[in-house]
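2 protein chains.
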Amino acid sequence: MDLDRASVPQLREWETALNQDYAAIKAAGLNLDMTRGRPSIDQLQLSNALDGVLQGQFKDDAGTETRNYSGADLIDGIPTAKALFAPVLGVKPDEILIGGNSSLTLMYQAVQFGHLHGVAGSPAWNQGGEVKFLAPVPGYDRHFTVCEHFGIKLIPVAMNDDGPDMDQVEALVKADPQIKGIWCVPRFSNPSGIVYSDAVVERFAQLGKIASAGFRIFWDNAYAVHTLSDDAPQLANLFELSRKYGTEDSVYVFGSTSKITFASAGVAFLAASPANLKLIKHHLSFSMISPDKVNQLRHVKFIGNLDNLHALMSKHAALLQPRFAAVLTRLQALKTLGSWTEPKGGYFISFDTRPGLAKTIVKLAAEAGVKLTPAGATYPYGNDPQDCNIRLAPSVPSVSEIEKATDVFVTCVKLASVRQEIAKRV
Amino acid sequence: MDLDRASVPQLREWETALNQDYAAIKAAGLNLDMTRGRPSIDQLQLSNALDGVLQGQFKDDAGTETRNYSGADLIDGIPTAKALFAPVLGVKPDEILIGGNSSLTLMYQAVQFGHLHGVAGSPAWNQGGEVKFLAPVPGYDRHFTVCEHFGIKLIPVAMNDDGPDMDQVEALVKADPQIKGIWCVPRFSNPSGIVYSDAVVERFAQLGKIASAGFRIFWDNAYAVHTLSDDAPQLANLFELSRKYGTEDSVYVFGSTSKITFASAGVAFLAASPANLKLIKHHLSFSMISPDKVNQLRHVKFIGNLDNLHALMSKHAALLQPRFAAVLTRLQALKTLGSWTEPKGGYFISFDTRPGLAKTIVKLAAEAGVKLTPAGATYPYGNDPQDCNIRLAPSVPSVSEIEKATDVFVTCVKLASVRQEIAKRV
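Heads up: the protein sequence lines correspond to chains R and S, in order.
Position one of the first sequence corresponds to residue 38 (my numbering), numbered consecutively onward.
Position one of the second sequence corresponds to residue 38 (my numbering), numbered consecutively onward.
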């Protein structure tokens, strides 16, 4: 379907056929959801043994009682959980904090503390006027809304195939001392699925030298071990590199087991320098007495070690691969009408339509019973200036449902594109 | 030991004997802790069956999948948990939000949202100048530090045997529109153990009519079902009364299972009017996707119904009663040297020394191996103007340990009091 070279009668013919296809799909009364990066029920089942894994033993191997409150010494989690999860983020056990069920909450708190109280070595961000964060786009809507809740302004930055446009990032942080952070999903980026290259990570490690005091990289390594294929690219260790440049304090690394065990009942972690962790623990202590240490211990007992962790992730991959394949195979029909990523991990496929069509396509799909992430959601304030990015999240539906949903999507993209081309011509 | 009538030689004689007692205690090398209101290991054991109670079933009776993320509809918890815990706070299931493992976190968030974003029908507290909260004293240090973290000024208010001095409370909120909240532990108050009288609760229900817009009562019903004896006084239902006066929006009620099941791994709740809950859910949605619904379901399955809940609380009481009795029996020796409460529930005994002695006594006890809550902790900014209040928390040590610890306490009170009296005379 080569729209640019097609005659108007040809376009009209296509439109008529597509209108019929679309009407047929609508009549089928589908109800499919590809909106969010959730695990499927099959994936959740893999961790059912979490409940009951303790078998009446509520102390960890270090002798920590998990059921009770604890003092300030355990506000950052139980020692055995630190030991288990530190290598997942590429840090040492004393460089990690183990929290509750949500890494988003840890990120929110890190922003809150920085904004209202300051970060290690630097006063409250909000003391110097309007605070700004860089937002590589397309990106994760929940990152953006954390900033919005505190009135922090988001400045979009372009994403390339190897990570954010670092020329742009460096120029911006150099020029504007009110830029206090940048949001990153460095491995299997949300939504594009790309992995930041070693060169990009190396430049991130040096950002702390040119950025203003109090600047922090929010390195959301949500998909640190979430590969879909064995040849998935590795991510360079930002934390280690930052030590080389003496910029350790500029890095916050986040992760969780939300897509390893249970999405609602996992454990979240934050890796940071000793100075950062000390201050974050201090601020956390105003809002809580102890994280849920029992659930931390469940994870230690259930996962046990890194080999088991990777074995579990292979089972996730086995469930996710055919779902991603089902989408990617069908997208081939759209070669002339858009571009998309073929991620080696994570939860998303990012699709770019011809400019000005994303909203229309998402609406057409919704009316045909296929819910997609709202167009624009991957941009700050929901504003995709090209109106072209659509995030596809194929993890939840079954393979046959995904085939149906993607067929709907393909029809909608074609229909919207043909209609747009006709409108241009006449 | 009647200090006021004793001669100086008599006082000296007592001091010599007490010095000897104290030296002997010190030599015994005790290491006992009565600092915080924690459950004992025996109490924690009562809920060991929580882990594994789900037996592979992760949906609640309403069909809610608990393992996965969920939409905004479940950000306030699963329906069956609302149904179970609403009556504990005396509200309807649609007037409660079920959170994570910490009611302190819910209180912190409620303060944060009010302070920075506003409450239902009223703008951010911090937009009108310095924000103030009333703090009935002695009170709970963790309440005070929440305010301190946001720079909210605490104004102490006197506590009577039936609750806060309501004349004072009413006069203050009438006079100063910057007073936006008041902290209360209305049943088995921390630390005094008293229960607010019906008359006091009725006056609280009318506070919303005289306070400034945006004023909220932080009704921390932490010990709602935590009775030590069958004749424990009931607490009037503030939420119900507030409906009578049309002041529903002025009330936030908090509770948790931290001292019902596991202190670190329970579930917390917040009851409020529909308008309040709607806004709180909105703000919460920036910082989290879902509470730990699996742990909520564990609690639903483990506790089941209110009868089971009360049966469980009776087992807690059976473990706590002898501990409280051990303290109270021994305090009889201090009749002329202080006053104390005899609570019918909760976790604390509040002891008032002669003015100016609390810090000295806590220090003496610490040096003799008995850790007590720091003197002053029950007052905002750690400032007990009379330096007389000491909170005793007898839940954790065994009865024989508590006997030893209280003997140490009694000796320390006597010694400090005699020394003070001698210093006055000479």
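Worth flagging that the hints you see were computed from the coordinates, not collected in a lab.
A hint or two may mislead.
Because identical chains share one entry, a pair is satisfied inside a single copy or across any pair of copies.
[As the list claims (entries may be wrong)] Below, in silico cross-link-like pairs of lysine-lysine (DSS-like), each with a Cα-Cα straight-line distance of 30 angstroms or less:
#, residue 1, residue 2
1, Lys-318, Lys-381
2, Lys-190, Lys-318
3, Lys-372, Lys-190
4, Lys-96, Lys-441
5, Lys-246, Lys-318
6, Lys-352, Lys-381
7, Lys-381, Lys-96
8, Lys-63, Lys-338
9, Lys-211, Lys-396
10, Lys-338, Lys-96
11, Lys-352, Lys-246
12, Lys-190, Lys-315
13, Lys-461, Lys-338
14, Lys-396, Lys-315
Worksheet item: Checking against the hints above, which ones are violated?
Response: 1, 3, 7, 8, 9, 11 and 13
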